[in-house]
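*Asks:* The primary structure of each chain is shown beneath.
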Amino acid sequence: MGAALHKYPGRRLTDSGFLTLTDPWKENDFGLTSFRQKDRFRDFHQYFEVTIMAKMAGKQMFVEALKREGVEVIFGYPGGAIIDLYDALDQDGTIKHVLVRHEQGAAHAADGYARASGRVGVCLATSGPGATNTVTGIATAYMDSVPMVVFTGQVPTALIGNDAFQEVDIVGITRPCTKHNYLVKDIKDLPRVIKAAFYIARTGRPGPVLVDIPKDIQNAKAEFTYDEEIKLRSYEPVLDPHIKQIEKAYQLFEHCKRPILYVGGGAVISGAHEEVRELAELIHAPVATTLMGLGAFPGTHPMNIGMLGMHGTYCANMTMANSDLILAIGARFDDRVTGKVDAFAPHAKIIHIDVDPTSIQKNVKVDIPIVGDCRKALQKLIKVITDNGRPAETWKERFSPWWEQIAAWEKRHPLGYKKDPNVIKPQYVIETLYGMTKGRAIITTEVGQNQMWTAQFYKFDSPRSILTSGGLGTMGYGLPAAIGAQMAFPDRLVIDIAGDGSIQMNIQELATAMEQRLPIKIVILNNQFLGMVRQWQELFYDRRYVATDFTFTPDFVKIADAYSATGLRATRPDEVEDVLKKGLDTPGLVIMEFAIAREEGVFPMVPAGKATTEMLLV
Amino acid sequence: MKHTLSVLVENNPGALSRIAGLFSGRGFNIESLCVAATLDPTLSHMTLTTSGDDLIIEQIIKQLNRLVDVYKVVDVTEEGAYVEREMALIKAKAEAETRAEILRMCDIFRCKVVDVSPKTYTVEVTGPKTKIDAVIELLKPIGIKEIAKTGVIAMSREKKSL
Ligand SMILES: Cc1cc2nc3c(=O)[nH]c(=O)nc-3n(C[C@H](O)[C@H](O)[C@H](O)COP(=O)(O)OP(=O)(O)OC[C@H]3O[C@@H](n4cnc5c(N)ncnc54)[C@H](O)[C@@H]3O)c2cc1C
Ligand SMILES: Cc1ncc(C[n+]2csc(CCOP(=O)(O)OP(=O)(O)O)c2C)c(N)n1
Ligand SMILES: [Mg+2]
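The listed protein sequences derive, respectively, from chains G and X. Note that the working numbering has the first sequence beginning at 1, numbered continuously upward. Note that the working numbering has the second sequence beginning at 1001, numbered continuously upward.
Pulled out of the complex, with its shape left as it was, chain X reads as follows (with noise of 0.2 angstroms):
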């Protein structure tokens, strides 16, 4: 099953190699990594997403804390409700006949054109992993030239804070 991991670590040089480094020598599943300040400048904030039976996650968040420079792991998938995000930057070709439709479907999905050449759009698109999958499903045939997604974040809805 999947599991987002939310992770307060020292921000010291080295930790991000350090959890990298248990992934793969330990032979863990990660799916998407995110690193970021928070207000505290002695800690930066990762959420991540991995894979596994309950005693791989299990085991994958022991092994998180076990790390010296780890000073929080919370379960976020755990914890009950939650919210999750992901953002894409998606530049499609963006043609006499299919710019409207591109307009047209950014509408329906909320999403925002943040750049414009004379041959492509850049769309923003921000939500659940099921709705950019969505959006680049759709975007697809009309051709898409480049794609950068950001990882998911997540957060408790009330329970637990980190």
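Pulled out of the complex, with its shape left as it was, chain G reads as follows (with noise of 0.2 angstroms):
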């Protein structure tokens, strides 16, 4: 029964608002069939409880269900399939729309929206070419785990199979990219398909679910009610991990030597980061995390050993290597991080926190599995800790050699460059970036070398300031990221680290930016090159640069100029400071680009298939 209707006795809601009931029993237009003589005599409300239904358009309940997600701002690109839903929104008028210029767009939008609040990000395409567009921010969304909803339109029911105009089978192209979806059939399901989508998108392991929504089902009308709370007896994630397997993790603590605390996403997702703190430093174990887990621990902690895995800092892979006992903290064991699985981390014992459990055992042996979600379970593990009683000194001094150990290879091979005084040096474009905007940045990246020199040369102190692609690795991701993110935060700064060639895979979003006067500032590491691609032909295909030599490239100050934003270029080391500085401080979207030492490549490197120890160095 209608829960709207309980709010609102002797009123029964229509499609064109509330009609208030003078006498309820001469009425019969809304179907009041089975009335009978001696329910004159019930209570009014009561009476009304059982019996009124209010009817609903499908799209007025499209905006109505997100209005009771919270949803504050969607990203999407109309069509003929989906133009009900945005005359709904717009006689609603409450939710923000922003008009994106190509729906990849769109879902990147979306994605860097929710990576950036932690909310579910929302977006809507038309059927056909609108919803396939969308699916490599969909791919990217599910491979990062980020809560979002994308909304498609559809053709009419009585079409779907028959090759209608602007007919594609969306549910099944995203079957495997996407946490769930649902097409819908039936008027009567929508508001529970979109109460479930929600729900799904951002509890347990967050991910994308599409809802495909046919055209006539827009328009259809039924009951519509919207529960507060939804249970789905087939999808029940545990999320409070077992006190037992805290208590055996506990103890491999007490017997290990050489630990390491492994972060990952999952830490970011959960929000964990104050407790990974306090774990690190009540038990004085060194952290190092992957690429998503920047920011998770803060980047300039003494203990924080740097990024694990193929571009990650010397110090963590040999620290890793050599533990005894690695803590997985939201950290999914990816073949970047672990190299040659044979040759990972021989000597140690391995305790996962996940919340997934298919994460868990997947691509390497684990001897203490803990499903949950991260946060819960290291206030349970701090807890026993303390409750252990061991004086924080003891731990200290017992790790001391260990720390010893890893202050040597840091020594050894530092995170570095070769400065030139000639040429622009990405990092130190990074590095100077840093030093003035310290903290107060979102930073969304490209993807490839300009991605890396971003992880390793920006220090991420609290979480959700890194959005980058890292399962999919998405070139023309970090614009429409920068986008979400912004349309997020208004009042942050939200900067998009770029490479020359990323940039132009979105680069239509320029005027989705300016439209919405956003103040996104964009560095464009300008290399000339497809950066990373070329460096595995520098080094693994006898330096054979073919297809990555980029002959032509546009002049992106006159691109910032056509597009009413501000332009600028360093070609010079010391034009860099300048450059940044004046782009940093000038309102309105600011394109910066750099011209860089054209083969600088990225440093160490682990080669795809080897030993994590087998690392290229500077």
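Accuracy of the hints is not assured; some may be wrong.
Claimed, not checked - Among chain X residues calculated to face chain G with C-beta under 7 angstroms, some are: (1) E1010; (2) G1025; (3) R1026; (4) G1027; (5) Q1063; (6) R1066; (7) D1069; (8) V1070; (9) Y1071; (10) V1073.
If you are wondering where the hints come from, they were derived from the structure by calculation, not from laboratory data. Positions of the beta carbon are idealized from the N, C-alpha and C atoms, including for glycine.
Mind assembling these two chains? They're in different frames, but the hints should get you there.
*Replies:* Below, the structure is given as structure tokens:
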């Protein structure tokens, strides 16, 4: 029965608003066919609750449901199959819509909004090409566990399967890259489906959910009820870790000599940054993060030994490889982190906290699996440790030989690069940018060398301050993600650190940013190469630069100009500071282009398939 | 090792393709898959046989459970004693000189002849896979024209029920 009605006894919802009933006994236009004589003696309200149904069109349900989910902004692009939802959004007028210039941009913007804020990002696209254009954005969000709901219009139910105009089986196409998806074929299901979509997207291991709504369903009418809570018998993520497992984990700490905390994206997602820090400081253990875990432990903390993996620090990789106990916190032992699995941390026992059981024991054998939310698990672990009452000093003492070893690694090959007075080094640009923005900025990146230099040379002290496509490695992510982040935080400094190749993949979104008056700053590290691929060709293909050398590059300053933004360029090292300073000080959207050393590489580097101890150094 | 998994899924459109897609997308083996309604109209029951080492089977079960539509997964093979059945319809050449032999064999294996045409017998055989394979081997020299099989269905003997 219509929950909304309980609040308005004596009135009922109609298509045009509320209708006040004066004499309900005479009314029969709302289908009270079973009305019988004795009902006259019933209490009016009771009668009302039992009988009346409020009918609402699908498009209005859509808007109403979004409002109940607390959605403030959505990113989208219209078309014939979704025009009704647009119309309803406009009629209602409470939800802000950002019109992008390509649906991939909408998906990445919703993703950026979600990563920056921790809330569910929402995007909207029409059927057929609109829907397929979102797929890369959906897969990007899926790989990095980003909560997102994508609504697509679909041809009318009667035409589904007929190769109708702009028909595509988007539910089929996105099945392997969504957490779940729905085709709504009955208007009665729509409210429940939307509720479930948001619930599934944000709970457990977050992820994108797609809801495909045929055009006739958008206009069909049914009763609208929207439950506050939803329970799905087949979907019940385990959040609370088992205390027995926590106690076993603690025992391993009691007996280890060379521990490491391996912190991943799950720690950011669960908001466990305080707990990670508390645990590290409590037991005096070194912390290394993945690319996705950057910011889950302060980048400037003395116990932070850097990023792990293919382009991680020598120190972090050596520490992990030689450890005797690894506590993985929301990290999924990705091949970019483990390197050759057989050679991965051969002496280590592994404790793995993850909300998704499939992440555990997928790539490496785990000694103590802990299924649950990182934050909850760490809180329990910290409690068990403090309850056991060992003074902090004893931990410190116990691990001091380990720290000496770590310090030696750190000293042997610190992160660095060869400075050059004549040509701009990308690392220098990032360092300088970091020096100017310290902690203030939300950084998005594109993919490739620009992304890795950012990860290495910018220090992320707080979670959700770097938004980057890790799992899928989607070029073209950074600019639309910056739009999403800036929509979530209008007053913060949002910077997209880009490569000259990637920025061209969604450069059309400059128009979106300008239209919304977003003061995004774009730093283009221009090597006129698909640099990361070029680096592989240099190292493993005998310098055959096939299809990576751009012989034509547009003038990015003129592009800025064409979009009525500000464009700045630095071609010499001594211009870098000025350009950055001026760029950051200029209101509105600014593109800062840096002509960098063309063949600069990202180091250290673990060649694909090699052990993490076999690093190529600067 | 071969494992038989019993899976209860929400009776939603697309649930089957989610499961099939999971196996193909992640490169897991799938040897047979049987789908049928249950007493509860909102759930369907799938029995699937797959193979892999312990880690792979563990991953398969976890991945199945991760699907939003999957209600429950039981590794029947791990649950101890269980019964497993498969059915095959085998259309065999039945000429004057072989008819008696086919009938005799059916008798021994407790198969049924369920259809007869001037030149063929269609034999129904039910049992564990080994029995069906044996019948097929015996009929091969006589001449098999067509085979249709159901795939395995299975049930734990007492312990865990789905
Ligand atoms: C060019 C390029 C180079 C790269 N180089 C590197 C590199 O050198 N080093 C590196 O680390 N990465 C690198 N990556 C990224 C890499 O591909 C992976 O994306 C990354 O390593 C995965 O990070 P993660 O393990 O933290 O897992 P994520 O993908 O962030 O996964 C998070 C895990 O946490 C779990 N989780 C989610 N929420 C919770 C919760 N509330 N509680 C508990 N668990 C939760 C999830 O189930 C999942 O298992 C590179 C990517 C690119 C494109
Ligand atoms: C959509 C997409 N296509 C191709 C790739 C493969 N790829 C990875 S890095 C890279 C080069 C990126 O070039 P650029 O943006 O200029 O960054 P650079 O490495 O030069 O900093 C390519 C082509 C990708 N990650 N994404
Ligand atoms: Mg480049």
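*Asks:* With reference to the structure, classify each hint as holding or not holding.
*Replies:* Now the hints, each set against the structure:
1. E1010: holds, 5 angstroms
2. G1025: holds, 5 angstroms
3. R1026: Violated, because the Cβ-Cβ distance from X:R1026 to chain G comes to roughly 9 angstroms (cut-off 7 angstroms).
4. G1027: violated, 12 angstroms
5. Q1063: With a minimum Cβ separation of about 5 angstroms from chain G (threshold 7 angstroms), the hint on X:Q1063 holds.
6. R1066: holds, 5 angstroms
7. D1069: holds, 6 angstroms
8. V1070: holds, 6 angstroms
9. Y1071: holds, 4 angstroms
10. V1073: violated, 11 angstroms
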